[in-house]
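Peer 1: Here are the chains, one letter per residue:
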Amino acid sequence: MLLLAIAIAVVFAAITRDAQSAAAPPPTDRLDRVSTRGAPFSSLLLRDQRVLNDMGRAGAEISILARSGERAFYRLGKDCYGSGPVSPSEYTFGVIKCSSDFPTAAQPVLDFSIFHSSSGGDAKPSAATLWRSEGIAADGVAKVALVTADGQSIAETAVVDNKYSFSALPAAGGVSLVAYDARGKVVFSEPTG
Amino acid sequence: MKRLLLAAAVTVVFFAAPATASADAPWQCGGPQDPGHCWWGYNHLTPGVNNWVPGPYNWWVTANVFKSNGGTITYGMYSASNGNWCLNNMSGSNQVTFFSPSDVGCGGYNRPALGYFSGNSSYTRMNVQA
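For the protein sequence lines, the chains are A and B, in the order given.
Take the first sequence: its letter number 92 is residue 127 in my numbering, and every next letter is one higher.
Take the second sequence: its letter number 121 is residue 763 in my numbering, and every next letter is one higher.
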């Protein structure tokens, strides 16, 4: 009788474990979610309120997802993310991006990278170099890298709390931002300059 | 009298456009000097008019980009203060973007939202507000 009870318990535990494994998707599949909740944020400045109003996002629920060096990262409502100075004075949000495609397997990264070009006036921007590189990434993105046209990785950084931020940028232009999952598979690529 | 009224109306529009700094205009694409690229900006709205706007805190750009056929759009602005284009790329579709010129290194005396994109786009629109 005791042996029968033990056998039943072992079988039940195995079934439960299998069910849990099936419920949790592998890391490479978690490209459709941003799980970091952050902390509620309500200290908006007048200028921020005006911007959100113009973008049709007035009243959006805002949370601060993470801080990294001099930058802070935010979620604004359902489909918007932003960044700005960690100690706002004139404005909180320096960049805001909203996309109905993020986060998805097709677009697991929302990149805020800014690049500069010294060409002026109506001349086409050229010889662009990265000025700042940061953004938001889905749960399934483990790291991002800056990769040259010939495939050489020249900088990389881990995704922490669904945000990434490069502390040092290459002087060379023409690099792409490439995102990898935990297994090292490329899941996204976008030119940065 | 009609001519006088018409001239007055045109004058009001002429000077009001840069002041309101809000517009929804078609992009200018191609052309003999820049084939394959499209531009949007004040210069194209009111050619020959000096539309430079002092900054850095009194204006911003909201770009509504609708893309249906892939590719990457580059957009941005030009600052006369430091001679920089400040640009960002978009892939995907249906993105709405804001960036503050001072936060992206284009603060100071600016030509806001001289939009620029290369790549494939079925329809792109940019809105500028000051």
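It is worth saying that the hints were derived from the structure and are not from the lab.
The structure presented is a predicted model; accordingly, all values stated were derived computationally and were not measured.
A couple of the hints might just be wrong.
What the hints assert, rightly or not - Derived contacts from chain A toward chain B, CB cut-off under 8 Å, selection only:
#, residue
1, V130
2, C133
3, G219
The beta-carbon is built from N, C-alpha and C at its ideal position, and this holds for glycine as well.
Peer 1: Give a verdict on every hint.
Peer 2: Okay, the hints, checked on the actual structure:
1. The beta carbon of V130(A) comes within 5 Å of a beta carbon in chain B, closer than 8 Å, and the hint placing it at the interface holds.
2. Taking 8 Å as the C-beta contact cut-off toward chain B, the hint placing C133(A) at the interface holds, the least distance being around 4 Å.
3. Of the supplied interface hints, the one on G219(A) is violated, with its beta-carbon coming no nearer than about 22 Å to a beta-carbon of chain B, more than 8 Å.
Comparing the model with each numbered hint stated earlier shows that hint 3 is the single one that does not hold.
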